[in-house]
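Peer 1: First to last, the sequence lines map onto chains C and Z.
Take the first sequence: its position 278, counted from the start at 1, is 276 in this note's numbering, and no numbers get skipped.
Just so we're on the same page, this note's numbering is the position in the second sequence counted from 1, plus 615.
It is worth saying that the hints were derived from the structure and are not from the lab.
The hints are all genuine.
Some, not all, of what chain Z presents toward chain C, calculated at C-beta under 8 Å:
no., residue
1, Ile631
2, Pro634
3, Asp649
4, Val651
5, Ser711
6, Ala716
7, Ser822
8, Met849
9, Ile850
10, Gly852
11, Arg855
Derived DSBU-like pairs: lysine-lysine, alpha-carbon spacing no greater than 35 Å straight-line:
no., chain 1, residue 1, chain 2, residue 2
12, Z, Lys640, C, Lys226
13, C, Lys226, Z, Lys848
14, C, Lys226, Z, Lys812
15, Z, Lys848, C, Lys11
16, Z, Lys640, C, Lys11
17, Z, Lys896, Z, Lys931
18, Z, Lys931, C, Lys226
19, C, Lys154, C, Lys226
20, C, Lys315, Z, Lys848
21, Z, Lys812, Z, Lys776
22, C, Lys261, Z, Lys848
23, Z, Lys848, Z, Lys812
24, Z, Lys776, Z, Lys848
25, C, Lys154, Z, Lys848
26, C, Lys222, Z, Lys931
27, C, Lys222, Z, Lys848
28, Z, Lys896, C, Lys226
29, Z, Lys640, C, Lys222
30, Z, Lys776, C, Lys226
Ranges between beta-carbon positions, derived for each pair:
no., chain 1, residue 1, chain 2, residue 2, range
31, C, His127, Z, Glu644, 55 to 65 Å
32, C, Asp216, Z, Glu784, 41 to 51 Å
33, C, Glu32, Z, Thr917, 21 to 31 Å
34, C, Glu278, Z, Trp708, 50 to 60 Å
35, Z, Glu784, C, Ala163, 50 to 60 Å
36, Z, Gly786, C, Thr149, 51 to 61 Å
Here a beta-carbon is modelled for each residue, glycine too, at the ideal position from N, C-alpha and C.
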Amino acid sequence: MTAIDLRSDTVTKPTDEMRSAMATAEVGDDVFGEDPSINELQERSAALLGKEAGLLTSSGTMSNLIATLAWSNHGDEIIMGTEAHMFWNESAGQAALGGVQTRLVPNDSQGRINPDDVAAAIRPSGNLHFPRTSMICLENTHNRCSGGVLTPEDTKSVGDVAHAAGVPVHLDGARIFNASVALEVPPAELARDVDDLSFCLSKSLSCPVGSVLVGSQDFIDNAKRWRKMLGGGMRQAGVLAAAGLVALDTMIDRLAEDHQHAKRLAAGLANIDGLTVDPESIQTNIVFFEVDEDLGTAADLIAALNRNGVLVSYPGKQSIRMVTHRHISPEDIEEALSRTSAAVRELRSAA
Amino acid sequence: MGAEQMNVIDLRSDTITHPTEAMRKAMSEAEVGDDVYGEDPSINLLEQRASEILGKEAGLLTASGTMSNLVAALTYCHRGDEIIMGDQAHMFWNESAGVSALAGAQVRLVPNDDQGKIDPADLSAAIRPRGNVHMPPTTLVCLENTHNRCSGAALTPQDTKAVADVAHEAGASVHMDGARIFNAAVALEVPPAELVKDVDDVSFCLSKALSCPVGSVLVGSEEFIGEARRWRKMIGGGMRQAGVLAAAGLVALETMIERLADDHANARRLAQGLADIEGLKVDPESIQTNIVIFEIEPSVGTAPEVLQALADAGVKVTPSRTQTLRMVTHRQVDSADVEEALSRVAGVVGKLREQNKA
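Pulled out of the complex, with its shape left as it was, chain C reads as follows (with noise of 0.2 Å):
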């Protein structure tokens, strides 16, 4: 029985197309600015994101951390939501290497931070105890959020508070293009009231490898010494940015596929007694799911999805995450669907 992988669109290998671009890319030394295949995917990200220049890198954890210690001295303080990936799971690298206090207001369902909550939390300058607001870090698709789309509404409703108050904001756009797709808008007007943004390419875009962080020329000029710090500064990365430059022209629009693959999975899932999930709230391709406590627990869950050949990612206590990409076709929904009614069953026989 071949396992149907829901664990994350990290998963996705590279296409053909992507394989052979790769193969044949021209390349040079990135650290001395030759690789023409890495320049060339640096410059149509930016064109496509309405930023001036773009900088490669190993991953969208690089890419975020970057973006932190271009903005920030030791001491300062960066807002974000609740359910940021960036506070979750990214080693609180922030922290750890940016020594900056990362300062929490709440996400709603949807993954939106209210604008009221970031006013408030801005520091006042000019107090001695109070560190300084250094950025504020949006997400958008927003991960433990289901993958909630922010609209350029959202978006800008909290650039508008940041930059009153003097403060960049970086965007957490891992699956920028998941919103993109998903609210039919182009990607540049998702970026338009941000200051830097990061994307994936290793995610549903299906790359091996990387991350692009764009912004303006003197905040790429500035990340990338940080990047070389970081251990970022790659040689012929042109291989790995080939891939980049096939996924903008074919992987975005398919993009609407895992999202309606998702819808479905999530309606199936709320059909299943011991498992809750509201499907309209799906927007994108995460499905976020509940298991009933007289069910067990999501980890008991789990194992048994495990044994019925689903695997899933384990974020709570008693959720669970299911993502869609290239990889999982309609059949393979329906049969993690009944896969999963199985796992229900038999964790319903147990109990």
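Following the hints, put chain Z in place on chain C, whose structure we already have.
Peer 2: For chain Z alone, coordinates are given in the frame of chain C:
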């Protein structure tokens, strides 16, 4: 031959090397998986092979030598520790002060001689006594082999042991920046594992003379590598299907080590030729591997002036210490290129000396 047709001889660094055809093929066919879940078979195989070759328990693919060195510092050190290294160390000169900025460690320098060696007595004197609240603890000593700023000199197993013994005696760990460790192994005709048997961990570069497009591998004990993985993730080095890169590394470990001897022969010939040029100074006997650092006499000009003049003549080099320049040989420079480079350098230097006399 007109300027437009002149081929550029690029001696800036062995990092400029492109992947070989065999690597391109291996990369395009590589079996991959999500390495953050530990599921990339190509990476797993590379890490295993690398650790076997170097006689260590486990390995970790990283995006660069800088990343490997930083991960080692983060793994061994607490903030407020002191790291000792040579005063010509790449980690001190060219890694953006990362171990201080990010790992919170102070770097203490001891002299490197011109062969890149550290005197164990100097190390002993620099190690901090424990139990004094004024003093940071010395937790890490870093060696470099071959030594970049010391003309690519190789440390012998004996050199390494002498320093490592002092460090271990004092309770400090020893990290070897072995970016060019295979150059050392080939030059000394000693198995790589011999060169690192007395250090706790070593990093080596795939992207330098081994010619892979990207990467470095850190090898050490299982425990060390287990911890290192977490720091690597924190700094953003947790890549996904990077088996596409590892596949090139596997080809390199099989096919790109022995040929380093050619680079060494070319470097030696370069040094001999440069030594014969009036106005330049280098000791060809001191050239052990693929790096040649030569001095420029004031009668010729400053190092930046000479660098530019050489660039205009189609020979690319890099700056080094004051009044010196550096050349690095690699697979994309053959013996004919070496002769041509020497001829052009002689021309440039002769002309500059003439101009200065006038």
